[in-house]
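Student: Listed below are the residues making up each chain.
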Amino acid sequence: MNRRRIIADKLFVGFTLVALAFALLPLASIVFGVVSKGISSINVAFFTELPPNPATIQVPNPPGGLGDAVQGTLILIGLSCVIALPIAILSGVYIAEYGDNYYGSVVRFLGDVLVGIPSIVTGVLVYGLIVLTFRSYSVAAASIALGTMMIPIVSNTTSEALKAVPRSVREASFALGIKKWRTTLLVLANAKKAVSTGCLLAMARIAGETAPLLLVMGTWTLWYSGLNEPVAALSYYVYYFATSPFPNWIRLAWGAALVLLVIVLAINIGVRLVTKGQRIYA
Amino acid sequence: MKRRSDLSDQIFKVLTLAFATVAVVLTAIYFTVVVTHSTDTLMQGLSFFFGTKWLPAGGVLEIFPMIYGSMVTSAIALAIGVPVSLGVAVFLSEFCPHRLRSSLSLFVEMLAAIPSVVYGIWGIFVLAPIMTTTVDPFLERYLGFLPIFSGTIFGFSIMTAGVILSIMIIPIVASISRDALQAVPDSQREAAYALGATHSEAIRTSVVTYARTGVIASIFLGFGRAFGETMAVIMIIGNSPVINPSLFHAGATLASVIATDFPEAPAVGPLYLSALFEAALALLIVSFLVNVVARLMIRRLIRSMGSASLL
Chain A
537 MNRRRIIADK LFVGFTLVAL AFALLPLASI VFGVVSKGIS SINVAFFTEL
587 PPNPATIQVP NPPGGLGDAV QGTLILIGLS CVIALPIAIL SGVYIAEYGD
637 NYYGSVVRFL GDVLVGIPSI VTGVLVYGLI VLTFRSYSVA AASIALGTMM
687 IPIVSNTTSE ALKAVPRSVR EASFALGIKK WRTTLLVLAN AKKAVSTGCL
737 LAMARIAGET APLLLVMGTW TLWYSGLNEP VAALSYYVYY FATSPFPNWI
787 RLAWGAALVL LVIVLAINIG VRLVTKGQRI YA
Chain B
3 MKRRSDLSDQ IFKVLTLAFA TVAVVLTAIY FTVVVTHSTD TLMQGLSFFF
53 GTKWLPAGGV LEIFPMIYGS MVTSAIALAI GVPVSLGVAV FLSEFCPHRL
103 RSSLSLFVEM LAAIPSVVYG IWGIFVLAPI MTTTVDPFLE RYLGFLPIFS
153 GTIFGFSIMT AGVILSIMII PIVASISRDA LQAVPDSQRE AAYALGATHS
203 EAIRTSVVTY ARTGVIASIF LGFGRAFGET MAVIMIIGNS PVINPSLFHA
253 GATLASVIAT DFPEAPAVGP LYLSALFEAA LALLIVSFLV NVVARLMIRR
303 LIRSMGSASL L
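So the protein lines, in turn, are chains A and B.
Count along the first sequence from 1, add 536, and you get the number used in the numbering used here.
Count along the second sequence from 1, add 2, and you get the number used in the numbering used here.
One thing to keep in mind: the hints can contain errors.
[Unchecked claim] Which bits of chain B does chain A cover? Going by a derived footprint, with three or more residues having C-beta under 8 Å, they are:
1. 26-32
2. 226-232
3. 279-292
[Said to hold, decoys possible] Facing chain B, from chain A, some residues (calculated, C-beta under 8 Å):
4. A555
5. L563
6. P598
7. Y634
8. L646
9. V660
10. L712
11. I714
12. K716
13. G806
14. R808
15. V810
16. T811
[To be verified] Using 30 Å as the maximum straight-line C-alpha spacing, the simulated BS3-like pairs for lysine-lysine come out as follows:
17. A:K699 with B:K55
18. A:K715 with B:K15
19. A:K728 with B:K55
20. A:K716 with B:K55
Simulated from the structure, these hints should not be mistaken for lab results.
From the three backbone atoms N, C-alpha and C, an ideal C-beta is built for every residue, glycine too.
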C-alpha cells in the first residue's frame, strides 16, 4: 500500500477526532461558564426572595433572588403535565395496542413531525387560539402551549415503551380471561419505568422553554396570582435579565441558567443511567 | 373460544382513539389558526415574501430580510455543523473504543438537552466576545476580499447566530447519522477491506454511501432545528430587519422577529399582527415539510433494513 493512502487514512481518523473535540468543547465551555458564573448567586434567598431593584447604585440594594420564577416554573411544569400526560399516554396506548393499521401509523408519523415544529410556532398558535379569545396573557395559556409541546413527545415514548413489553404478558392476561382494557393497564404498569422516563424527558424539555412564554404571557409579574394571570419563569428571567444592562440582574440570570441546566442535565443523565442501553428518542 | 368484545373494551378503545386523534387535530389546528389570522397580509400576495421593507409603524410589512436571515444563519449552521457532526458520527460508530462509546454519545446528546436560553446567555457573554476579538477578525484578514467577510465587526451578528446554531444542530445530526452508520451491516465493511481499502476508504466508499438516507435525513432535521430556533438567536443576532451583505452585521430571522415583535404588535395594529402570523405560517410550512421528508426517509430506511432497528 502506498504511503499516500496510509497518510490519508491517518488524516481521516484525525479529522474525526478533531470533530469530536469541536463538539465537546462548547459543551464544556457552557457547563463551565454557567457553573462558574452562576454558583455565586445560588443561596437560600435565590429561591425565596423577589428580584432586586435594577438600580445598582441604590444603597442598600439586597441581592434578592428569583423565588417568583422558581415558583412560576414549578407551576408551569405541573400544569403542563396535568394537561398533556393523560392525553399523551392514552394516545400512546392507542398507537401501541390498537394502532396496527393505517390510522395508527399516520398518528405515529404526525407525532414525529409535531416534535419538530418550532416552539415559537406553538406560541403563535396558542396566542391565536387562547390569548386573542380571552384577551389576556395567562399562566393557563402558557401551560397549554407547553403541554402542546409535551403531547407528541410523551405519546411517542409511551407507544415505544408499550411495544417493548413482550407479547407473553398480554397473552398470559388474556388466558386468565382478563378483558383487553384491563390487560392494557397491566401492560402499562409493566412499562411504567419507560413511560415515566418519557414523561421526565418531556418535562426537562419544557422546563427551559422560553419562546412560547414570550408570546402568551407577555411581561412578567411577580408571585402567582391566579390562572388567568401571568407568572414569572426561570427561563424568561435568563433571557430578560441577561439582555438587561444591570450587573445585579445579569448575575441572577446566570443563577437561573445554572438552576435550569442542573434540572435538565440531572433528568437527562439520570434517565439514561436508569434505562441503560436503551435508545430513547424524545 | 371467541373472546367477547364487551362494552367496557369498546369504550376504552374509543377513548384511546379519541386521544390519539389529538395529533391529527393539532396538525390541522396549527395550519388553520395561523392562516386565518394572517389573512390581512396574505392579500398582499408574494410581495410580502419578496419585498425588503419592514416598517411596522408605517404599515409596510415585507419579510424578505427575515427569510434571508433564516436561510443564511441556517446555511452557516449546516456548513459548520454538518462536517463536525459527520466526523463525530463516524468516530463514534467506527473508531471509538467500545468502553467509551456510550459515555461519549451521552456527552454529545447532552448538547441537545441544554435549553436554548442557556445557549443564548453563553452566546452573549462567552461566544460573542470570542467572535469579535478572534474569529471575525481572522476571517476578515484572510477572506476579507469577499463582501460577506468584510465591514465593521459587531459581536451580535448573523455570523455569531450561525455559529451558535451550528453547535445546536450537532447532537441531532450526529446521533441520527451514528445510528444510520451503526446499522450498516459489517459485510459492507468487510467487502471493502477485501478489495484492499484502508479503514477510511472503506468508510467513505461503502459505509457512508450505504447509510446516506439516514445521513441526509439527519441533515434535514438539523436544518429544521436551526431554521426554527428562536431564543439563542434573538439574544445574539442583534435583531435588525435589514439585509446587509456582511455576515458581521446584525440581522433577524423569521423566528426571531416573531418573538421580538409579538409583544408590541397588538398595540400597533392588526396588519402588524397579521404579518407576524404569516411569518409563523412560513416557518410552519418549512419546518413541517422538512420534518415530513426526514421522517419518511427514516421510515423507508427502517423498512429497508427489515428490522425495527435503532432509528
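Student: Could you run down the list of hints and mark each one as holding or not?
Tutor: Now for the hints, and whether the structure bears them out:
1. Counting residues of the region 26-32 of chain B whose beta-carbon sits less than 8 Å from any beta-carbon of chain A gives 5, enough to reach three: the coverage restraint holds.
2. A count of 6 residues in the region 226-232 of chain B with a Cβ less than 8 Å from any Cβ of chain A is obtained; the coverage claim is therefore met, three being the minimum.
3. Taking a C-beta to C-beta cut-off of 8 Å, the region 279-292 of chain B contributes 7 residues in contact with chain A, enough for the three needed, and the coverage statement holds.
4. Evaluation of the A555 of chain A hint against chain B yields a held restraint, the C-beta minimum of about 2 Å falling below 8 Å.
5. Because the smallest distance between the Cβ of L563 of chain A and any Cβ of chain B comes to about 6 Å, under 8 Å, the interface hint for this residue holds.
6. A hinted interface residue such as P598 of chain A counts as satisfied when its beta carbon comes closer than 8 Å to some beta carbon of chain B; here the least separation is about 23 Å, so the hint is violated.
7. The closest approach between the C-beta of Y634 of chain A and any C-beta of chain B is roughly 6 Å, which is under the 8 Å cut-off, so the hint is satisfied.
8. Hint on L646 of chain A holds. Least Cβ distance to chain B is approximately 4 Å, under the 8 Å limit.
9. Interface restraint check: V660 of chain A against chain B, minimum CB-CB distance 4 Å, threshold 8 Å, status holds.
10. For L712 of chain A, the interface hint is violated, the least distance from its beta-carbon to any beta-carbon of chain B being 12 Å, above 8 Å.
11. With 8 Å as the threshold, the beta carbon of I714 of chain A stays out of range of chain B, its nearest partner Cβ sitting at about 10 Å, so the hint is violated.
12. The closest approach between the C-beta of K716 of chain A and any C-beta of chain B is roughly 5 Å, which is under the 8 Å cut-off, so the hint is satisfied.
13. Residue-level restraint check for G806 of chain A is violated (minimum Cβ-Cβ distance to chain B is 11 Å; threshold 8 Å).
14. Interface hint at R808 of chain A: satisfied, since its Cβ lies 6 Å from the closest Cβ of chain B, which is below the 8 Å cut-off.
15. The beta carbon of V810 of chain A comes no nearer than 13 Å to any beta carbon in chain B, farther than 8 Å, and the hint placing it at the interface is violated.
16. Below 8 Å, beta-carbon pairs count as interface contacts, and T811 of chain A has none with chain B, the closest being about 12 Å; its hint is therefore violated.
17. For a cut-off of 30 Å, the pair hint linking K699 of chain A to K55 of chain B is broken: about 53 Å separates their Cα positions.
18. At roughly 12 Å between alpha-carbon atoms, K715 of chain A and K15 of chain B fall within 30 Å of each other, so this suggested pair holds.
19. Distance check on the hinted pair: K728 of chain A and K55 of chain B sit about 54 Å apart at the alpha-carbon level, beyond 30 Å; violated.
20. Of the pairs offered as hints, the one joining K716 of chain A and K55 of chain B is violated, with about 61 Å between alpha carbons and a cut-off of 30 Å exceeded.
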